[in-house]
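*Asks:* The chain contents come next:
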Amino acid sequence: MKEQELLRKLISGNQSAFKELIDEYGSMVFNVCCRMLGNRHESEDITQDVFINAFKSIKKFRSDSKLSTWLYRIAVNHCLNYQSKKKRNRWLSFEFFSATESGNIPEPVSNENLPDILIEKKETEIIIQKAINSLPEQQRVALLLHRYEELSYEEIAKVMECSVSAVESRIFRGKQNLCKKLLPYLNQL
Amino acid sequence: MTHSNIKNKLLLYIDGSLNQTDASEVERHLPQCPRCKKHIAMLSEIWKNKPAIDKFTAPPFLWTRIEAKMSNPVQNLSSGGLSYSLRITTAVFILLIAFFIGNYLGKLPGSETKSPANFSSAEYITRSYHFDTFQPISEESIGQAIILTSYQNK
Ligand SMILES: [Zn+2]
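Chains as they are written, first to last, in the working numbering: chain A, 1 to 189; chain B, 190 to 343.
With a cut-off of at most 16 Å between alpha-carbon atoms, the simulated EDC-like pairs for lysine to aspartate or glutamate come out as follows:
{"no.": "1", "chain 1": "A", "residue 1": "Lys66", "chain 2": "A", "residue 2": "Glu5"}
{"no.": "2", "chain 1": "B", "residue 1": "Lys244", "chain 2": "A", "residue 2": "Glu125"}
{"no.": "3", "chain 1": "A", "residue 1": "Lys19", "chain 2": "B", "residue 2": "Glu256"}
Stretch by stretch, here's where chain B covers chain A in the computed footprint (C-beta under 8 Å, at least three residues):
{"no.": "4", "stretch": "27-35"}
{"no.": "5", "stretch": "178-186"}
Please keep in mind that the hints were generated in silico from the structure rather than gathered at the bench.
Heads up, the beta-carbon is just placed ideally off N, CA and C, and yes, glycines get one too.
When you get a sec, could you build the whole thing from the sequences and use the hints?
*Replies:* So this is what it looks like as structure tokens:
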């Protein structure tokens, strides 16, 4: 009910409803941007753009899905566009040849420090997230939404505008590839 | 399934995403393979017992910033920065300039790298008298050049 009311106000162009939308979903959008971009400053910028886009296209919103799903979709698309634009710009400015891929897993640390690694869960979580970010786009998005946003396969399918079986297959292949990427790490432990 | 088939499915096994047949194969393999056994323990540790995942809170003054951005949109990377097509045009333009400069420098006298002995007589004449930089060349001047060259070669 609350969402319907908010939506009605948003469509009528009510300014305070936009503020309410940001208060309600600001953290959610910011979180998914942080997960996808791995950079706080860029995520702040993209979060703003996501809401600006949402305000401009609120009339296109189909009320058969949830506002959160719709915002997730805008956020994911914005992040993907931003990343491909950034990649192109980096190539054109010749940084491409010197910079390393942000999604790459960092080199494993030396063996002396290893016992601490598994205890240090945050550190391993960073490794997992970096490994996820180095996966092919569709698998990466599906896995991020599944693991960090804890969305159901049905919700992910709505965000990614695909079938539930496509989500299942992306997550399945994603986990398989993730395992491949993590094993060399585990071998160092 | 062999070790190499099984090792990449360990995460799926932990997560319960494997079908019954594959899961049983993994279960049969594990007691015989110390490496997979070690990996599965580690993967469970890092995958299943995920730490309370930090949730970020929205940046402060988000609404104020959005309001400002909507009333005064500025160019940044997220909205394109120096546009892609402009960058492409600039890159092509630079390449063209470089090509013409290179072409011009290549034609300057003294920039020859080929020894005269390797030139055909016509090429030698054209290059010696820089006929390639002038056009059109009359038959007379070519004739004169041939006479001059044969005189010099004597
Ligand atoms: Zn094995």
